Amino acid sequence: MLYLQQKNRIMLPVYCPSCHAQLKVKCLKCESCQTEVNGSYDLPLLALLSLDDQQFILQFVKNSGSLKNMANELKLSYPTVRNLLNEIILTIEKYEK
Amino acid sequence: MKNKNALRYIYNPFEKIAGWQALIYGLIIACLSGWIGKQAGLMFDGAIDAHFGNEVSYYQAFMMLFIDIACVGAVMYLAGLLVTRNFRFIDLLGTMTLARAPYLLLSLTGLFVTIPETAELLANPALIFSNPGFLIFIALSFPAIIWVIALMYNAWKVSTGAKGSKMIIAFIAGLFVAEVISKILISILI
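Chains as they are written, first to last, in the working numbering: chain A, 146 to 242; chain B, 43 to 232.
So here's chain A without its partners, still in its complex pose (with noise of 0.2 Å):
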C-alpha cells in the first residue's frame, strides 16, 4: 500500500505454495564460479515478514529510529506509525516462537 514500487521487484517466497509451510533454503550458488553449497538452511527472519514491514524497518532505520521522523516521511500520526511498529514486533515475536 505505501510502497508502490517496492511491488514491482520479485518476492523472495518464504511459504510453500502446496502446503503453506515454512520454506527452507536448499541451494545457494556463487554466480562467479558456479560454486553450488546445499544444505537446509533457515531464512533470515526479515526475509518472512512482508515486503510493507521489511521496508518499514528499513525507513526505521534510515531514520535513526525516530518515529517522529516516520511520520512526517509517511504523512502519518505519531501513534499510527507506532501501532504499525508494535504490529511488526508482534509477527517477529511470533516467528521466535
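Wrong hints could be hidden among the right ones.
Take a look, some chain A residues computed to stay more than 10 Å from chain B by CB distance [stated by the list, open to error]:
| hint | residue |
| --- | --- |
| 1 | VAL159 |
| 2 | PRO162 |
| 3 | PRO189 |
Simulated DEER-style distance windows between Cβ atoms [as the list claims (entries may be wrong)]:
| hint | chain 1 | residue 1 | chain 2 | residue 2 | range |
| --- | --- | --- | --- | --- | --- |
| 4 | B | LEU153 | A | SER211 | 41 to 49 Å |
| 5 | B | ALA192 | A | LEU157 | 37 to 45 Å |
| 6 | B | TRP77 | A | LYS213 | 30 to 38 Å |
| 7 | A | LEU191 | B | LEU123 | 28 to 36 Å |
| 8 | A | ASN231 | B | TYR51 | 19 to 27 Å |
| 9 | B | PHE131 | A | THR180 | 56 to 64 Å |
25 Å max Cα-Cα, derived DSS-like pairs, lysine-lysine [to be verified]:
| hint | chain 1 | residue 1 | chain 2 | residue 2 |
| --- | --- | --- | --- | --- |
| 10 | B | LYS58 | A | LYS239 |
| 11 | B | LYS205 | A | LYS220 |
| 12 | B | LYS208 | A | LYS213 |
| 13 | B | LYS208 | A | LYS239 |
| 14 | B | LYS199 | A | LYS220 |
Derived from the structure by calculation, the hints contain no laboratory data. Note that the structure is predicted; figures quoted are calculated from it, not measured. A virtual CB, placed ideally from N, CA and C, is assigned to each residue, including glycine.
Following the hints, complete the assembly by docking chain B onto the known chain A.
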C-alpha cells in the same frame, strides 16, 4: 478510491492527525462550538452532552467545555493505562478533543432553532411539529452524537494502540465515568 479515503478521514482522521496538532485544531473548534453554542443557548454540559437550557455566561460556557475536555482526557488516560502502557497522553488528549468537532455543526444548527417554552410544549406537544428548526436540530443531533462517539472510539484506538474486547470495555467504561464526573463537576462548580 478518493471518496473512500475521504469517508475514512471523516470517521478516523487520527491516522493522519494526532498529538499537539490535533489538540490545537480540537481546541479551536471547541472554542468556536462554545461561542456559537452560547449565542444559540446550547450548552455542552457533560463529556458527550449538548442541551438547550437557561442562559449561561461566556465564562460558564467555556468552563463547561474545559471540564468536559479535562474529564475525558484524564479519565480516558487512566482507562488507557489499564489496557496498555505504550502510549502518549498528548495523543490521547489531542485526538479526544478533536473528536468533539461535530458539535460545531450542532452549535451552528442551534442558531436557527427557537425552543418552545416548556409550559407551552406541555400544553400542546404538537407545537414541535410546527417548529421546523427544532425538528432539524433533533434529526441532526442523533447522528452528530453517534459521529462524536465513533470519532472518540477511533481516537482511543489509534492513540492507545490497544486491541480486543478489553480495549472496548475500557473505552465504554471510561466514557461513562467521564460523563458522570463531568456532570458532577459542572453541577458543583458552575
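Checklist entry - Could one say that the CB atoms of ALA192(B) and LEU157(A) fall in the range 37 to 45 Å? => result holds (41 Å)
Item to check | Interface exclusion of PRO189(A) relative to chain B, criterion Cβ beyond 10 Å | outcome: Correct as stated: the minimum Cβ-Cβ distance to chain B is 27 Å, above 10 Å.
Item to check | Pairwise beta carbon distance, LEU153(B) to SER211(A), judged against the given window 41 to 49 Å | outcome: Once the Cβ atoms are compared, 46 Å apart, the range 41 to 49 Å for SER211(A) and LEU153(B) holds.
Next on the checklist: Is 56 to 64 Å respected by the C-beta to C-beta distance linking PHE131(B) and THR180(A)?
Outcome noted: Because 58 Å falls inside the window, the suggested range holds.
Next on the checklist: Does LYS213(A) sit within 25 Å of LYS208(B), going by the straight-line distance between their CA atoms?
Outcome noted: At roughly 28 Å apart (the allowed maximum being 25 Å), LYS213(A) and LYS208(B) break the hint.
Checklist entry - Beyond 10 Å from every Cβ of chain B: is that where the Cβ of PRO162(A) lies? => result holds (30 Å)
Checklist entry - Minimum Cβ separation between VAL159(A) and chain B greater than 10 Å? => result holds (25 Å)
Checklist entry - When you take the CB atoms of TRP77(B) and LYS213(A), is the distance between them in 30 to 38 Å? => result Distance hint for TRP77(B), LYS213(A) holds at roughly 33 Å.
Checklist entry - Taking only the CA atoms, is the gap from LYS208(B) to LYS239(A) under or equal to 25 Å? => result The hint holds at about 21 Å.
Next on the checklist: So if I understand the rule, the pair passes when the alpha-carbon distance is 25 Å or less; does LYS199(B) with LYS220(A) pass?
Outcome noted: Holds. LYS199(B) to LYS220(A) sits at ~19 Å (cutoff 25 Å).
Item to check | Assessment of proposed distance window 19 to 27 Å (beta carbons of ASN231(A), TYR51(B)) | outcome: holds (22 Å)
Item to check | Straight-line alpha-carbon gap LYS58(B) to LYS239(A), limit 25 Å | outcome: violated (28 Å)
The structure fails hints 10, 12 (numbered hints given earlier, in ascending order).
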